[in-house]
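Given the structure of chain D, go ahead and fit chain S onto it with the hints provided.
2 protein chains.
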Amino acid sequence: MKRGVLQLAVLSLLRSPSYGYDLLNVLGTAGLRTEEGTLYPVLRRLEKEGLLESEWDTSGSRPRKYYRTTDSGRAVQVALIAEWAAVDRALVNVLDRVGGRTNDGADADPESRSS
Amino acid sequence: MKRGVLQLAVLSLLRSPSYGYDLLNVLGTAGLRTEEGTLYPVLRRLEKEGLLESEWDTSGSRPRKYYRTTDSGRAVQVALIAEWAAVDRALVNVLDRVGGRTNDGADADPESRSS
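As you go down the protein sequences, you meet chains D and S in turn.
Our numbering applies: residue 34 is where the first sequence begins, and numbers increase by one.
Our numbering applies: residue 34 is where the second sequence begins, and numbers increase by one.
Okay, chain D solo, but in the shape it has when bound (with noise of 0.2 Å):
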């Protein structure tokens, strides 16, 4: 579940050119806490697959790689977007039909509370 929504999250946030120490700390603030190891990978993969482009600023004390979405990576976000939309509206089909969403069953018989 987690790669497919890494990468859309990536691709989304690096619509503003972003490195990589800036963008764990977003995503971790966003709730997707992510490590190097993992992130890396997929920013040198999207960045293969056009879907991202790197720059290197040299202007600061230490030289940090940039990274920022192309028009590809951008139409790839967009699309990604409408297919996680429709997952999730399916998935909220499938638990409305068990009635597994806001309630596992725990409450379903009032006579339990008295218990």
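Just so you know, these hints were derived from the structure itself, not from any lab.
Do not take every clue at face value.
Because identical chains share one entry, a pair is satisfied inside a single copy or across any pair of copies.
[What the hints assert, rightly or not] With a straight-line Cα cutoff of 25 Å, these simulated SDA-like cross-link-like pairs (lysine to any residue) come out:
no. : residue 1 : residue 2
1   : K81       : D55
2   : K81       : V131
3   : K98       : E88
4   : K98       : L128
5   : K35       : E88
6   : K35       : A118
7   : K81       : D121
8   : K35       : G93
9   : K81       : L128
10  : K98       : R130
11  : K98       : W117
12  : K98       : E69
13  : K98       : A115
14  : K35       : L128
15  : K98       : V131
16  : K98       : R122
17  : K81       : T62
18  : K98       : D121
Okay, now just chain S, sitting in the frame of chain D:
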């Protein structure tokens, strides 16, 4: 993205016993169209892991293998729902941050509408 979703959907739906062909229909109706060749290995794997159990029904014109979610399977289902909800919230956080959820920037510049 899809594999975890299918597992969650199957564990949810099989809280009421059902068989493969019926599941395919229900998944399709919910918006998770799935091929036999995808679903059946998932059912077998989940059974092997003890999350589903099965029983042949030979009372009809043709034998049918009914699956149902075990207690372990239900515990996993509940955990997966929580995971799904957390990932969902995280993605909404990310997309809100970049403003990419409802708008791909097409209307960001009002003057572009007149061109």
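Hints, one by one, checked against the model:
1. K81 - D55: So K81 and D55 pass the 25 Å test inside one copy only (21 Å; across, 42 Å).
2. K81 - V131: between (43 Å within a copy, 23 Å between copies)
3. K98 - E88: Answer is within: at 6 Å inside a copy they meet the 25 Å cutoff, but 57 Å across does not.
4. K98 - L128: This pair counts as between: shortest inter-copy Cα distance 23 Å, intra-copy 43 Å.
5. K35 - E88: neither (27 Å within a copy, 33 Å between copies)
6. K35 - A118: Both ways: K35 and A118 sit 15 Å apart in one copy and 12 Å across, limit 25 Å.
7. K81 - D121: Neither way: K81 and D121 sit 29 Å apart in one copy and 27 Å across, limit 25 Å.
8. K35 - G93: Cα proximity of K35 and G93: none, with 33 Å in one copy and 42 Å across.
9. K81 - L128: The answer is between: 24 Å across copies meets 25 Å, while 38 Å in one copy does not.
10. K98 - R130: For K98 and R130, only the inter-copy Cα distance (22 Å) is at most 25 Å; the intra-copy one is 48 Å.
11. K98 - W117: neither (29 Å within a copy, 32 Å between copies)
12. K98 - E69: within (14 Å within a copy, 45 Å between copies)
13. K98 - A115: Neither: 30 Å inside a copy, 35 Å across copies.
14. K35 - L128: Cα proximity of K35 and L128: in one copy and across copies (20 Å, 16 Å).
15. K98 - V131: between (48 Å within a copy, 20 Å between copies)
16. K98 - R122: Classified as neither; 37 Å inside a copy, 29 Å across copies.
17. K81 - T62: For K81 and T62, neither the intra-copy (27 Å) nor the inter-copy (37 Å) Cα distance is at most 25 Å.
18. K98 - D121: neither (34 Å within a copy, 29 Å between copies)
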